[in-house]
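Protein chains: 2
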Amino acid sequence: MSRFVARCLLSGLLRGPAHPQTQPARFLSLARPVLSFKDVSSYSLRSHTCGELRAVHAGEDVTLCGWVQFQRKQLFVTLRDSYGVIQLVLPQDKKHADMKQTLAHLPPESVVCVQGIVQLRPIGEANKAMSTGDVEVAVSKVEMVNKSKSLPFQIRDFFQVNEHLRLKHRYLDLRGSQLQHNLRLRSQVIMKMREFLINVHGFVDVETPTLFRRTPGGAREFVVPSREKGKFFCLPQSPQQFKQLLMVGGVDRYFQIAKCYRDEDLRQDRQPEFTQVDIEMSFVDQRGVEQLIEELLQHAWPDGKGALTLPFPRMQYKDAMKKYGSDKPDTRFGMKLNDVSDIMRSSGVTVFERLLKDNSGNTIQAINAKQAAPHMKNKDIEKLQDLAKQMMSKGLSILQILPGGEMKGAMAKHISSPCRNALLQELQAEEGDMLLLAGGEHLKTCELLGRIRVECADILETQGVQLRDPDVFNFLWITDFPLFVPKEDGSGLESAHHPFTAPHPDDLDLVYSHPHKVRSQHYDLVLNGNEIAGGSIRIHDAEVQRYILEEVLKEDAAVLHHLLEALQSGCPPHGGIAIGLDRLMAILCKADSIRDVIAFPKSHAGYDPMSGAPSQLTDAELQPFHVRVQSESS
Amino acid sequence: MSRFVARCLLSGLLRGPAHPQTQPARFLSLARPVLSFKDVSSYSLRSHTCGELRAVHAGEDVTLCGWVQFQRKQLFVTLRDSYGVIQLVLPQDKKHADMKQTLAHLPPESVVCVQGIVQLRPIGEANKAMSTGDVEVAVSKVEMVNKSKSLPFQIRDFFQVNEHLRLKHRYLDLRGSQLQHNLRLRSQVIMKMREFLINVHGFVDVETPTLFRRTPGGAREFVVPSREKGKFFCLPQSPQQFKQLLMVGGVDRYFQIAKCYRDEDLRQDRQPEFTQVDIEMSFVDQRGVEQLIEELLQHAWPDGKGALTLPFPRMQYKDAMKKYGSDKPDTRFGMKLNDVSDIMRSSGVTVFERLLKDNSGNTIQAINAKQAAPHMKNKDIEKLQDLAKQMMSKGLSILQILPGGEMKGAMAKHISSPCRNALLQELQAEEGDMLLLAGGEHLKTCELLGRIRVECADILETQGVQLRDPDVFNFLWITDFPLFVPKEDGSGLESAHHPFTAPHPDDLDLVYSHPHKVRSQHYDLVLNGNEIAGGSIRIHDAEVQRYILEEVLKEDAAVLHHLLEALQSGCPPHGGIAIGLDRLMAILCKADSIRDVIAFPKSHAGYDPMSGAPSQLTDAELQPFHVRVQSESS
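If you read the sequences in order, they're chains A and B. Quick note: to get the numbering used here, add 61 to the position in the first sequence (first position is 1). Quick note: to get the numbering used here, add 61 to the position in the second sequence (first position is 1).
All clues stand as given, with none of them false.
Capping the alpha-carbon separation at 20 Å, the derived lysine to any residue pairs in SDA-like fashion look like this:
| no. | chain 1 | residue 1 | chain 2 | residue 2 |
| --- | --- | --- | --- | --- |
| 1 | B | K229 | A | H623 |
| 2 | B | K455 | B | E502 |
| 3 | B | K290 | A | H687 |
| 4 | A | K292 | B | E325 |
| 5 | B | K290 | A | V690 |
| 6 | A | K469 | A | I442 |
| 7 | A | K548 | A | V572 |
| 8 | A | K505 | A | M453 |
| 9 | A | K208 | B | V605 |
| 10 | B | K290 | A | T679 |
| 11 | A | K292 | B | Y668 |
| 12 | A | K292 | B | Q677 |
| 13 | B | K189 | B | F137 |
| 14 | B | K208 | A | H623 |
| 15 | A | K474 | A | G456 |
| 16 | B | K474 | B | R415 |
| 17 | B | K384 | B | E502 |
| 18 | B | K290 | A | G291 |
| 19 | A | K384 | A | E508 |
| 20 | B | K438 | B | E516 |
| 21 | B | K292 | A | S692 |
| 22 | A | K208 | B | L569 |
| 23 | A | K651 | A | N535 |
Just so you have them, the derived chain B footprint on chain A, three or more residues with Cβ under 8 Å:
| no. | region |
| --- | --- |
| 24 | 164-178 |
| 25 | 207-214 |
| 26 | 281-287 |
| 27 | 350-363 |
| 28 | 675-681 |
In short, the hints are calculated from the structure, not lab data. From a predicted model like this one, the values you see are computed outputs, not experimental measurements. Glycine included, C-beta positions come from ideal geometry on N, C-alpha and C.
All chains, please: the whole structure from these sequences, using the hints.
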């Protein structure tokens with residue numbers, strides 16, 4: 062900054078009436094409805110924002126600070142700040158020739174502070190497309206604060222810019238209206254959640270440590286070497302243990318907007334650090350937590366997104382798998398799964414008949430992609446077949462419905478006539494529909510068709526057939542999950558959720574006899590096919606917890622000694638939930654990626670293209686932590 | 062939990078009227094003044110808290126959940142929850158013999174849910190010391206939820222327990238009223254800050270990354286190995302770069318309750334992870350930021366802590382050093398520094414005379430510890446002398462004032478009579494006072510006496526002479542710091558604050574000619590002798606920033622390439638501040654240590670005695686990060 066500008070700023074030459082008004086404005090603001098009358102120019106060098114000027118301000122002397130957006134005919138300059146744009150009119154008299162020259166030729170995105178008088182635009186020149194379009198500001202003083210160099214992309218059309226460039230120059234990307242909107246909405250939604258939790262329901266915001274001890278099975282935890290040789294902290298995946306310990310400690314209504322860490326595959330639109338609304342309560346049951354979350358979301362739901370109807374619908378895990386082939390079904394569209402095992406049992410289609418005969422755990426499932434036939438290209442069908450091969454090592458059977466209920470497809474000529482009719486009826490199939498069938502182990506088959514269902518929707522929407530209304534928000538509780546699932550390698554059971562989840566009270570005895578049959582008190586909240594929250598009632602009995610850790614999960618309970626001891630020390634019954642805030646905001650903002658609701662995200666590949674993190678460190682820099690990078694040979 | 066209890070809880074057997082009332086209560090709450098009518102029993106199995114019952118509740122059927130605190134005469138049980146205690150009366154009839162037996166003999170800190178009728182205590186038996194002392198609850202149903210084992214310490218007198226034991230069983234420590242109070246107040250103060258910043262002044266709460274690139278000179282940063290061999294993230298010491306980039310990005314009013322990391326000496330009551338209220342604004346000057354912080358603190362100041370008077374007093378750095386020998390003076394007490402160089406120049410005290418002659422930069426400073434002589438023991442004086450030797454490699458000259466202005470001390474017999482009189486007058490010394498003098502380089506001498514001043518106050522307060530009122534909150538802005546200070550090794554200059562701090566606008570030319578003379582636009586906020594906030598107006602001119610990094614600080618500017626480029630891309634003038642939240646809360650809670658305002662702090666030595674973090678990891682666990690622990694030989 063030039064000394065002159067610095068002095069002007071400091072001496073208040075450029076200061077409008079903002080400072081003198083600060084004190085009364087604050088108290089006024091406090092008395093007004095808070096969200097509508099924020100004093101965004103308090104403590105600032107500006108008197109007004111560019112976006113707020115209206116006809117009612119005509120005649121006022123204002124000070125504005127912002128970025129030069131356009132210049133026109135050496136007469137007009139559009140000035141932008143974070144709240145909008147305003148048209149400046151440059152003086153045309155000789156005395157102000159220098160000012161005109163400066164403003165009319167500044168590179169776009171340069172920063173200026175201007176003083177001037179608000180005036181109504183001449184009749185016929187109002188711009189109805191601009192919220193400030195009735196007025197303009199006749200500039201009387203200008204300070205050029207910071208001249209911009211030529212930029213790698215323009216702020217207006219940054220959405221066409223490739224993402225690497227956007228992330229490399231994130232500070233420019235942030236100026237765009239979309240990110241401005243997303244970050245401000247995120248701040249607002251979180252604040253409303255806090256008001257609901259703290260002010261209305263007496264929750265306590267407690268910060269828990271992020272430098273913690275590695276948890277058993279924490280394969281995706283980042284490690285942090287300490288200065289004590291050989292000892293490491295870990296960055297926790299969630300505050301799970303701490304929130305339970307807070308319950309033992311009598312902080313009976315806890316929440317935290319918690320930063321969590323997971324060193325994982327980023328391809329599925331995840332981030333190594335992410336944020337969850339972490340909640341835990343004592344003396345609560347499952348429905349209590351669910352009700353809290355429903356009302357929390359209702360309270361925090363942004364204006365203009367429609368009202369939420371409570372309670373949210375509920376579905377048991379096994380029904381979700383049966384109907385949608387997914388534990389996070391998108392209920393905005395149909396195309397549900399149909400069990401056609403009985404129909405296919407004597408269908409003439411040998412492969413299906415044999416499947417069902419071989420194993421009573423096998424099933425034949427079908428979905429009807431309504432009117433999909435005209436839209437499905439060969440490459441789309443190949444994509445579906447590839448997915449089936451990948452997930453079940455076999456293809457899908459696809460039948461296209463022709464006029465009169467005739468069928469086309471590899472299976473068509475084998476299928477018996479009664480079976481064909483039964484299929485048509487069961488799936489309510491008509492000309493133009495496409496039936497997709499798969500058979501095999503029940504759960505796997507449902508999972509495959511669940512994925513196929515979503516893929517079909519994606520394909521059809523690419524073709525312009527809208528199945529999922531982006532303005533509809535379908536919440537759904539999924540409940541009654543299994544407590545344990547078989548490990549991938551078949552060597553035993555592992556927790557479906559986490560080892561602290563309580564068994565369903567009706568299934569307590571089964572823990573000791575048939576653990577694989579135990580249902581849990583775990584619940585997920587699904588929004589439009591995304592899991593946006595998950596939680597459970599926790600085990601508060603030390604003996605049950607120890608048994609599950611040691612006898613069912615075969616874990617070393619010693620590292621959880623402190624938790625087991627806490628459960629013995631007067632632990633109340635408790636439960637909680639965590640909302641995935643990044644995902645929720647991405648859905649609310651209709652963003653393609655959670656990267657669009659995070660100020661400084663890492664790239665797909667886990668890098669920060671702006672700063673170059675992560676970066677190489679020298680041996681000397683690593684020395685205090687007693688670690689070194691593995692040599693090639695080691 | 063037993064199946065029976067689990068069923069009871071789930072079936073709602075134990076549920077009082079809380080659930081059915083939830084919906085209307087919520088809306089009622091929203092309309093009421095928020096802080097006074099929190100619905101802390103919503104969504105819960107309890108109908109009321111133990112602490113809320115009063116005479117007005119008499120006759121109501123209530124469900125309470127809590128911890129057994131005392132039992133008396135098999136008749137009374139005191140039940141505690143996080144909101145208070147209530148007396149339960151056990152039924153004495155035969156039908157309820159089992160219940161009586163259970164409740165009367167449960168180990169303390171066991172968790173129970175009870176149902177019963179609130180009744181007025183018999184006349185004469187009300188307990189005025191208890192807020193619920195007018196009533197008791199006649200128990201009709203009990204569920205023993207969790208039987209506590211014998212605990213390592215009692216909840217009531219945990220303050221006498223050694224800190225290691227408290228930290229090891231933090232979940233018990235948290236049940237104590239002091240930590241309950243501190244954590245709840247912390248949550249409340251932060252919430253009020255958020256309301257002020259977001260709802261009143263339109264600030265945006267933005268989360269910035271904690272996995273970042275190592276910054277130049279970041280010697281105290283934790284490192285986090287990534288899965289790419291040889292590449293590391295760092296946990297940042299503050300969001301400094303991100304908040305400046307947000308300003309470039311048009312998020313012109315940013316704040317965040319930010320987790321920060323510093324791998325440092327914990328002896329000075331610091332923590333490896335700590336929390337700051339991080340604020341940054343565009344188009345603001347120094348006074349604007351100061352005013353924001355003053356009003357923010359006034360708004361968030363807890364009830365019962367007295368009103369804050371604005372504006373806070375201000376003091377220039379050089380005056381603070383001159384008067385208090387500290388850049389964070391505790392102004393609650395006097396004992397200020399006096400420059401007695403002129404008096405001592407011809408005092409007859411050779412060592413001082415020679416000091417002043419040798420170097421015009423030398424000075425003799427003195428403080429008068431009023432009425433300290435009777436309280437100072439030999440060991441106290443030794444402690445002061447040790448400090449002086451440690452800081453300046455020489456002792457203090459100490460003079461005790463005797464009746465008639467006579468002096469006692471090693472220097473007394475050398476001092477000339479006029480000098481003695483001048484000293485008595487300058488320091489307003491009387492019988493019983495103690496004068497402490499030191500000489501040498503000006504700044505060092507002031508710093509020494511600043512430390513001696515505080516040490517004297519500590520000693521005197523140990524002796525029962527109160528100098529610092531714990532109920533007084535003296536805020537003070539310290540301004541006009543030097544921008545650069547000489548490096549310890551004398552090899553050049555380093556930033557007094559950080560390299561992004563803007564020079565004082567009057568001193569801009571000096572940056573290029575006499576950088577050591579440049580004042581900065583850095584400001585600290587001091588509360589009762591603690592720096593609780595620090596900030597600055599930042600450099601927004603890329604050329605000035607580059608010059609300071611490369612030419613003054615001799616740093617490699619390449620690693621800050623992204624920041625320099627951002628400054629060239631239309632960067633607004635901006636500034637900010639960070640409040641040390643842990644320290645502020647410790648002062649507000651009159652806690653000895655910031656550990657008492659943090660839910661799960663690390664110990665003095667940086668450990669978590671509860672979980673055992675940091676812990677050893679195996680080579681296999683480190684393998685994915687391509688690091689290994691240095692072998693002894695390497």
